[in-house]
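J.: Full structure from sequences and hints, please.
Protein sequence lines, in the order shown, are assigned to chains A and B.
Per our numbering, residue 1 is the first one in the first sequence, and the count goes up by one each step.
Per our numbering, residue 1 is the first one in the second sequence, and the count goes up by one each step.
One or more hints might be untrue.
Claimed, not checked - The calculated lysine to any residue pairs, modelled on SDA-like cross-linking and capped at a C-alpha distance of 20 Å, are:
hint	chain 1	residue 1	chain 2	residue 2
1	B	47	A	2
2	A	116	A	177
3	B	66	A	2
4	B	66	A	178
5	B	66	A	99
6	B	28	B	40
7	A	140	A	178
8	B	59	A	177
9	A	2	A	99
Claimed, not checked - A few chain A residues facing chain B, derived, Cβ under 8 Å:
hint	residue
10	2
11	59
12	103
Keep in mind the hints are simulated off the structure, nothing from the lab.
In this text the structure is predicted, and so the values were computed from the model without any measurement.
Don't be surprised by glycine CBs; every beta carbon is placed ideally from N, CA and C.
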Amino acid sequence: MKFGVVVFPGSNCDDDVVFALEETLQQEVRKIWHKETSLEGFSTSDCIVVPGGFSYGDYLRAGAIARFAPIMRPLIDFANSGGYVWGICNGFQILCEAQLLPGVLLRNSNQRFICKNVYLKTQTNQSAITATLPKEKPLKIPIAHAEGRYYANETTLNELVANDQILFKYCDLQGKISSEINPNGALLNIAGICNKSRNVFGMMPHPERAADPILGNTDGRLLFDSLLTMDRVEVRNG
Amino acid sequence: MKYIAEINIMPHTELLDPQGKTVANNMKNIGVHGIEDVRIGKHIVLKLEAQDEKEALQKVHQACEKLLANVIMETFTYAIRNEIELPSVHV
Chain A
1 MKFGVVVFPG SNCDDDVVFA LEETLQQEVR KIWHKETSLE GFSTSDCIVV
51 PGGFSYGDYL RAGAIARFAP IMRPLIDFAN SGGYVWGICN GFQILCEAQL
101 LPGVLLRNSN QRFICKNVYL KTQTNQSAIT ATLPKEKPLK IPIAHAEGRY
151 YANETTLNEL VANDQILFKY CDLQGKISSE INPNGALLNI AGICNKSRNV
201 FGMMPHPERA ADPILGNTDG RLLFDSLLTM DRVEVRNG
Chain B
1 MKYIAEINIM PHTELLDPQG KTVANNMKNI GVHGIEDVRI GKHIVLKLEA
51 QDEKEALQKV HQACEKLLAN VIMETFTYAI RNEIELPSVH V
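T.: Right, dumping it as structure tokens:
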């Protein structure tokens, strides 16, 4: 498995993701400029990360303009062919705008940009990035966003629940999920989801900012470890 | 023909609009009382070239649907007019 990291004008977490993958996890990574028109060299066993930042200055709506960048057409084809696509923060917003993931991210209910560590409770092990995560122990991973209030209509929300597509919910240190601990007003405390085919992931928290010991927190690394473990299992099972 | 389109994009009424709420809560600070609700959206003005009004409307609708609004969270309305005339069509 190798990784691609898409870079839009205004992306600012691309280097963080590259560092986590290349330096911390010793993986092969290539940056992909948004004007590229193919994902040549990548196969569907690879993973393309859409990183955080402020693509196109968040003009109009977060992710709205990046969604039509030239790289998005091959990226959508890649996702529809079963390749792993992982959107983090602004990347999650872009994948929602591109309708690779259902719903939308609205302005935080308290109207503020929130930058802090939060706790996440893993909701399912049925996805490559959550397969090996503990379901009881909350993970401490930072968020940094102004538009993170996940919203979808009732039908979509019911589908997410029925199909086990909710990956993470905001919780407290003890793992309790409540509206009091919800940092941004997201419906059902949703912090991350996957698509129905379970190969496209989106999450507001930043695991790449909690992957290296020098950062004092390595809970985020567990998600990358899970993905790499699942990749080895898939390769073994051929 | 050149047309001017005036587009209004508003958050769905059932959605919390924290920006509007903050503005509403602060009206009393400027001595304006009795404001019950504020909702904030976007107003976009487009200038476009089209063969006729029908084509202009189609273009504006497509622009709203594909890019300017996200219908999961917003509704849009628009009116177009010939660049030199007064507003003629409301949708």
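J.: Are any of the numbered hints broken by this structure? If so, which, sorted upward?
T.: 1, 3, 4, 8, 9, 10, 11
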